[in-house]
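A.B. asks: For reference, the chains in residue letters:
There are 4 protein chains.
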Amino acid sequence: MKKIAVFTSGGDAPGMNACVRAAVRSAIYNGVEVVGIIRGYKGMIEGDFQPLSSHSVSNIIQKGGTILKSARCEEFKTKEGRAKAYDQLVKNGIEGLIAIGGDGSFTGADLFLKDFDIPTIGCPGTIDNDLYGTDYTIGFDTAVNTALDAIDKIRDTADSHDRVFMIEVMGRNSGYIAVQSGIGGGAELVMIPEYQTTSEEVIHALSKGKENKKASSIVVVAEGKVAGRVHDIAKDVKEALPHFDIRVSTLGHIQRGGKPSALDRILASRMGVAAAEALLNGRKNEMVGIIDDKIVFTPFSDAISKSKPLNDDLVKMVNVLSI
Amino acid sequence: MKKIAVFTSGGDAPGMNACVRAAVRSAIYNGVEVVGIIRGYKGMIEGDFQPLSSHSVSNIIQKGGTILKSARCEEFKTKEGRAKAYDQLVKNGIEGLIAIGGDGSFTGADLFLKDFDIPTIGCPGTIDNDLYGTDYTIGFDTAVNTALDAIDKIRDTADSHDRVFMIEVMGRNSGYIAVQSGIGGGAELVMIPEYQTTSEEVIHALSKGKENKKASSIVVVAEGKVAGRVHDIAKDVKEALPHFDIRVSTLGHIQRGGKPSALDRILASRMGVAAAEALLNGRKNEMVGIIDDKIVFTPFSDAISKSKPLNDDLVKMVNVLSI
Amino acid sequence: MKKIAVFTSGGDAPGMNACVRAAVRSAIYNGVEVVGIIRGYKGMIEGDFQPLSSHSVSNIIQKGGTILKSARCEEFKTKEGRAKAYDQLVKNGIEGLIAIGGDGSFTGADLFLKDFDIPTIGCPGTIDNDLYGTDYTIGFDTAVNTALDAIDKIRDTADSHDRVFMIEVMGRNSGYIAVQSGIGGGAELVMIPEYQTTSEEVIHALSKGKENKKASSIVVVAEGKVAGRVHDIAKDVKEALPHFDIRVSTLGHIQRGGKPSALDRILASRMGVAAAEALLNGRKNEMVGIIDDKIVFTPFSDAISKSKPLNDDLVKMVNVLSI
Amino acid sequence: MKKIAVFTSGGDAPGMNACVRAAVRSAIYNGVEVVGIIRGYKGMIEGDFQPLSSHSVSNIIQKGGTILKSARCEEFKTKEGRAKAYDQLVKNGIEGLIAIGGDGSFTGADLFLKDFDIPTIGCPGTIDNDLYGTDYTIGFDTAVNTALDAIDKIRDTADSHDRVFMIEVMGRNSGYIAVQSGIGGGAELVMIPEYQTTSEEVIHALSKGKENKKASSIVVVAEGKVAGRVHDIAKDVKEALPHFDIRVSTLGHIQRGGKPSALDRILASRMGVAAAEALLNGRKNEMVGIIDDKIVFTPFSDAISKSKPLNDDLVKMVNVLSI
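Chains as they are written, first to last, in the UniProt record's numbering: chain A, 1 to 323; chain B, 1 to 323; chain C, 1 to 323; chain D, 1 to 323.
Watch out, some of these pointers could steer you wrong.
Identical chains blur together in the list; that is why a pair holds if it fits in one copy or across any two.
[As the list claims (entries may be wrong)] Calculated lysine-lysine pairs in the BS3-like style (CA-CA distance at most 25 Å, straight line): (1) Lys284 - Lys308; (2) Lys3 - Lys316; (3) Lys213 - Lys63; (4) Lys294 - Lys308; (5) Lys235 - Lys114; (6) Lys316 - Lys77; (7) Lys214 - Lys63; (8) Lys210 - Lys225; (9) Lys77 - Lys114; (10) Lys238 - Lys2; (11) Lys63 - Lys316; (12) Lys235 - Lys225; (13) Lys294 - Lys316; (14) Lys225 - Lys238; (15) Lys225 - Lys308; (16) Lys3 - Lys84; (17) Lys306 - Lys91; (18) Lys294 - Lys306; (19) Lys84 - Lys114; (20) Lys225 - Lys63; (21) Lys294 - Lys235; (22) Lys284 - Lys91; (23) Lys3 - Lys225; (24) Lys3 - Lys213; (25) Lys214 - Lys77; (26) Lys225 - Lys213; (27) Lys316 - Lys2; (28) Lys2 - Lys235; (29) Lys77 - Lys294.
Simulated from the structure, these hints should not be mistaken for lab results.
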């Protein structure tokens with residue numbers, strides 16, 4: 001391989017730039033040319049390519065977002081779209097791809113390989129930590145720290161006013177962000193998609209907390225399929241506990257941005273280096289992961305379809321720690 | 001005066017603890033005893049008093065919220081309620097009060113003085129910066145910095161995805177937080193209660209930005225009377241500009257908490273010292289303020305009723321800076 | 001067991017309070033009484049004990065330092081000292097100990113068990129990450145993030161002025177903080193005790209960087225046995241490269257303090273819970289660790305004496321990433 | 001005027017980029033072309049100019065350092081050097097200058113005007129806040145907040161170990177940073193160049209603190225003429241108080257970098273806009289300042305030579321607040 005391309009796709013996540021930097025420098029270190037594709041599959045179809053030198057990825061390791069930008073692309077889901085993309089790659093002499101993103105990105109790469117035999121190695125870039133084949137995804141640790149920082153701030157007010165705060169965090173179908181920020185934030189209760197916690201259980205826990213003289217409480221709610229569900233739950237709780245001063249906060253998009261944490265920078269750097277080396281060594285159609293501190297590779301199909309279970313011990317620990 | 005009491009009232013604001021510490025130590029320095037009243041007027045009525053030594057306010061200057069807690073109190077609005085409070089003060093030998101809070105707190109103090117001749121000096125503690133008689137209120141600078149930090153994070157995503165973000169910040173009827181965080185955050189537009197910016201103007205500004213090749217934009221919206229109005233505006237804009245990718249974020253309660261900034265710690269410390277000295281020197285029924293770096297005193301009635309105008313130059317500057 | 005005691009010992013580390021909270025609540029959850037010992041072995045000898053309820057560890061999970069304080073204690077190294085400590089424990093009905101600290105703390109516990117058969121379980125609390133038997137020690141992740149934050153700030157100046165900055169980080173004999181903050185900070189070179197990097201190698205690397213048009217460079221130096229060695233190295237480099245603008249910064253004690261990161265809060269919470277459960281289940285003389293996300297126990301003697309090797313891949317990666 | 005140039009000079013300060021952005025956009029808004037000069041007077045002599053569009057200063061308001069870089073330039077101090085610089089400006093059609101920097105920068109501009117009648121308007125960019133003609137210089141508020149953040153972290157350790165920490169902050173001959181970070185950080189004592197505090201006074205204050213049962217203390221020391229003087233003072237104190245556990249920390253270059261605070265972004269934006277407007281309106285040889293929230297202009301000679309007194313009330317307040 002003489003020339004490869006790197007792109008980011010799906011929702012942005014802190015650490016994506018650190019991963020781009022590492023993939024680019026690792027490829028160059030191994031004597032291979034690199035181009036960046038702007039706006040993922042959309043830019044691939046449109047031929048929006050940019051040569052990347054070692055210098056052009058300087059001073060980005062600490063930046064949130066993605067310098068290669070990201071966009072949705074319906075066209076790539078069609079065979080015609082992928083044919084256009086393939087033509088662009090051929091025209092530019094690109095022989096392999098590094099995709100940084102989530103399940104949508106890897107589904108696209110999977111189809112692309114089947115159609116046109118273009119090898120892709122993926123790096124898991126999503127704050128949701130919902131990909132099988134890696135302990136952590138790029139951006140997750142930063143998102144948890146950002147959520148925690150917000151919870152710490154909100155607790156100042158909760159304590160000062162003896163309030164209950166119900167705080168919705170991101171994570172789509174995964175409760176990872178909720179559980180970690182709940183434990184780290186000293187929450188009284190965490191509601192996650194993996195367990196069907198009912199409003200009744202919330203009401204019960206808060207009542208019990210009151211009996212134990214808890215003046216204020218934090219409930220962390222994972223957004224689940226539909227962002228905003230915290231408002232419905234809060235409505236139930238307010239009706240059942242009219243004497244509680246209950247407030248709602250949805251943390252929203254601040255969780256996607258910001259400087260990557262140390263863990264995310266190092267994780268992303270390791271994955272970027274491993275992805276470039278793997279691609280140059282002939283691997284394809286796999287996602288790089290780190291499990292038990294070791295680099296591992298998982299076929300895209302498994303990374304997307306298999307589910308990664310939450311650590312049950314963590315979920316149980318919330319009960320012990322909130323007494 | 002031999003003994004005074006300090007309390008916080010209204011919404012909590014970062015720097016209130018720094019102000020409590022300064023008032024307490026300044027009083028003690030001047031040979032006067034101090035008690036803290038827990039939960040403002042509510043605690044005054046219930047006699048929830050706590051002696052405060054120099055040591056008991058150690059290590060709180062950097063803490064958000066208020067260690068003296070805050071609460072609403074309907075009862076104090078009645079003459080009977082105030083009579084109970086007065087009895088508690090007399091019983092505890094308290095001869096003067098330092099109230100840290102906003103207009104509600106000062107209205108209460110004003111009534112209290114009229115009924116029972118208890119002297120109060122107020123310190124302006126509110127993130128909204130909406131009190132006449134001081135350039136800054138305690139908590140405002142921290143709230144702006146917190147909003148900015150969130151806007152910086154959201155811009156990472158806005159840039160990565162070429163999106164428009166409409167971000168609602170706090171401030172009630174005042175546009176101070178919105179203007180400052182809008183300028184500091186590099187916003188394309190700021191919507192504040194003081195000017196009746198219409199949805200049409202937002203639509204016009206965003207369209208013009210697109211013509212000027214702006215890929216992403218930030219619109220900062222002051223909450224105004226009803227928190228959540230950003231959603232209505234966003235609906236209008238989405239309808240008019242269907243090709244824009246528009247997202248909404250309401251920053252909410254994170255703006256109230258967190259470590260106070262340097263400015264807020266120093267401001268709060270100066271005000272706390274000045275309040276204690278003024279009370280001991282016989283002043284009453286006035287709010288301490290700092291205007292042009294000098295300590296000034298304003299009657300409660302003026303502080304509450306007079307309006308503090310926004311600096312028009314700042315508002316106009318947004319247009320120049322967003323080209 | 002009906003009553004146990006918790007204490008912190010050695011240098012403070014962010015997350016120690018989260019660990020204290022978890023140990024206390026886990027013990028209470030299991031029906032056991034808990035007291036805190038103030039200032040470690042010193043307080044044990046002096047009988048400085050404090051009953052801890054679930055409530056008394058509220059709102060400390062986010063606090064740096066240790067609410068139980070820490071101190072050196074020469075007296076405990078003598079048999080007489082330990083006898084005094086034992087008497088205090090017996091007098092207070094304390095049947096087991098949870099020690100949060102580093103190798104000095106565990107050496108003491110080991111001797112204590114041999115003399116008086118008091119069971120202790122240890123939790124690894126040190127920013128240096130130099131204990132065998134756990135992937136991470138409590139405080140390490142926060143220290144790396146703090147170092148990174150400082151490096152990010154210093155790079156602003158390095159870039160603006162085309163300078164070389166040599167930055168000394170903590171870690172005693174271990175290069176963990178240096179390697180992680182070096183990779184995360186995009187350093188051109190990392191000097192660690194595990195490898196005998198000479199001044200010549202630094203000079204060579206900086207010269208090569210200049211040839212590659214690097215305008216500014218960051219060198220991260222682990223303090224090693226003697227804090228301040230960065231000044232000697234910088235002197236050599238300045239002599240060899242008189243045309244470089246070289247500055248030195250020693251990060252110092254800021255690395256020990258601050259709010260614990262998400263990882264440290266969760267790690268410390270898990271370890272605290274596991275320590276209490278282990279002690280109640282009859283384990284003794286072991287340190288709790290987490291390896292590959294699983295709770296493990298290591299005899300104190302191994303935790304102290306065995307060395308934990310750095311991940312060589314990380315060390316090598318610095319070269320790839322700094323091209 | 002049809003074309004002007006902007007440059008930064010002297011030590012970098014957070015907010016310089018916000019000022020560059022504002023000056024550039026304000027000039028363009030007024031129909032004038034702008035170029036950036038790279039590395040201040042050095043780049044002026046070498047003709048290192050770069051055209052700046054509104055777009056080229058996007059997304060820099062939040063960045064520390066200066067995108068225009070800064071460098072020392074001995075050559076500009078000679079008439080020959082200035083003649084070269086003048087030729088470059090003429091060749092490039094540049095008719096006026098905006099200089100962002102400190103006294104060195106303004107001294108150069110003053111000489112330049114006398115020799116070649118090139119008008120310059122200056123913006124005060126230095127963390128030291130030592131320029132006459134403005135309440136705040138660009139970067140000062142951020143530097144104080146950074147110092148405070150470090151002091152907060154160090155206090156965690158000071159409290160945990162009952163230690164005295166002597167912390168050296170920047171500021172050259174000015175005590176501004178020391179006083180503000182001392183008050184904000186709850187320091188027991190602040191040593192500044194404006195007052196000749198002796199080691200004896202430090203020893204006395206610490207002894208008194210011990211009598212008052214202060215377990216830990218923070219002393220903030222302004223660097224003064226020679227950075228590192230804290231070590232000499234600490235040596236004296238250690239000798240006189242051998243039973244105190246005294247540690248030293250020099251905060252160093254972290255104080256120059258990082259994201260600018262809200263105050264610095266707004267201050268820098270206002271100054272940048274005012275500087276461009278003033279230059280276009282024919283003003284020259286003056287520094288923009290903000291006093292009592294109003295834009296004012298001060299001749300370079302006064303800005304450099306007149307001294308700005310510290311607010312004595314703040315200095316005295318340290319004694320009241322540290323009881």
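A.B. asks: A separate judgement is required for each hint: does it hold in the structure or not?
C.D. replies: Evaluated hints:
Taking CA atoms no more than 25 Å apart as the test, Lys284 paired with Lys308 passes inside one copy only; the shortest distance there is 22 Å, against 34 Å between copies. For the homomeric pair Lys3 and Lys316, the shortest alpha-carbon distance between copies (24 Å) is at most 25 Å, but the shortest distance inside one copy (49 Å) is not. In this assembly of identical chains, the alpha carbons of Lys213 and Lys63 lie at most 25 Å apart only when taken from different copies (22 Å versus 44 Å within one copy). Taking the shortest alpha-carbon separations for Lys294 and Lys308, both the intra-copy value of 17 Å and the inter-copy value of 16 Å come in at or below 25 Å.
In the homo-oligomer, the alpha carbons of Lys235 and Lys114 never lie at most 25 Å apart, since the shortest distance is 49 Å inside one protomer and 42 Å across protomers. In the homo-oligomer, the alpha carbons of Lys316 and Lys77 never lie at most 25 Å apart, since the shortest distance is 41 Å inside one protomer and 40 Å across protomers. In this assembly of identical chains, Lys214 and Lys63 lie within 25 Å of each other by CA distance solely across copies; the values are 19 Å between and 40 Å within a copy. For the identical chains of this complex, Lys210 and Lys225 are neighbours neither inside a copy (31 Å) nor across copies (32 Å), given an alpha-carbon limit of 25 Å.
For the identical chains of this complex, Lys77 and Lys114 are intra-copy neighbours only, at 13 Å inside a copy versus 68 Å across copies, given an alpha-carbon limit of 25 Å. Taking the shortest alpha-carbon separations for Lys238 and Lys2, neither the intra-copy value of 63 Å nor the inter-copy value of 40 Å comes in at or below 25 Å. Taking the shortest Cα distances, Lys63 and Lys316 sit within 25 Å of each other only across copies (23 Å), while inside one copy they are farther apart (35 Å). In this assembly of identical chains, the alpha carbons of Lys235 and Lys225 lie at most 25 Å apart whether taken from the same copy (19 Å) or from different copies (22 Å).
When the C-alpha separation of Lys294 and Lys316 is checked against a cutoff of 25 Å, the pair qualifies only between copies, where the shortest distance is 15 Å, while the shortest distance within a copy is 27 Å. In this assembly of identical chains, the alpha carbons of Lys225 and Lys238 lie at most 25 Å apart whether taken from the same copy (23 Å) or from different copies (23 Å). Taking the shortest Cα distances, Lys225 and Lys308 sit within 25 Å of each other inside one copy (17 Å), while across copies they are farther apart (43 Å). Taking the shortest alpha-carbon separations for Lys3 and Lys84, only the intra-copy value of 19 Å comes in at or below 25 Å, while the best inter-copy value is 46 Å.
Taking the shortest Cα distances, Lys306 and Lys91 never come within 25 Å of each other, neither inside one copy (36 Å) nor across copies (57 Å). In this assembly of identical chains, Lys294 and Lys306 lie within 25 Å of each other by CA distance both inside one copy and across copies; the values are 20 Å within and 22 Å between. Taking the shortest Cα distances, Lys84 and Lys114 sit within 25 Å of each other inside one copy (15 Å), while across copies they are farther apart (64 Å). In this homomeric assembly, Lys225 and Lys63 never come within 25 Å of each other (Cα to Cα): the closest approach is 29 Å inside a single copy and 34 Å across copies.
Taking the closest pair of Cα atoms, Lys294 and Lys235 never come within 25 Å of each other, the shortest separation being 46 Å inside a single copy and 39 Å across copies. Only within a single protomer do Lys284 and Lys91 lie at most 25 Å apart by alpha-carbon distance; the minimum there is 21 Å, versus 56 Å between protomers. Taking identical chains as interchangeable, the C-alpha atoms of Lys3 and Lys225 are never at most 25 Å apart, the minima being 40 Å within one chain and 46 Å between chains. Proximity of Lys3 and Lys213 under a CA criterion of 25 Å is satisfied inter-copy only: 23 Å between copies versus 65 Å inside one chain copy.
In the homo-oligomer, the alpha carbons of Lys214 and Lys77 never lie at most 25 Å apart, since the shortest distance is 53 Å inside one protomer and 28 Å across protomers. Neither within a single protomer nor between protomers do Lys225 and Lys213 lie at most 25 Å apart by alpha-carbon distance, with minima of 34 Å and 35 Å respectively. In this homomeric assembly, Lys316 and Lys2 come within 25 Å of each other (Cα to Cα) only across copies, at 24 Å, whereas the closest approach inside a single copy is 51 Å. For the homomeric pair Lys2 and Lys235, neither the shortest alpha-carbon distance inside one copy (59 Å) nor that between copies (43 Å) is at most 25 Å.
In this homomeric assembly, Lys77 and Lys294 never come within 25 Å of each other (Cα to Cα): the closest approach is 33 Å inside a single copy and 41 Å across copies.
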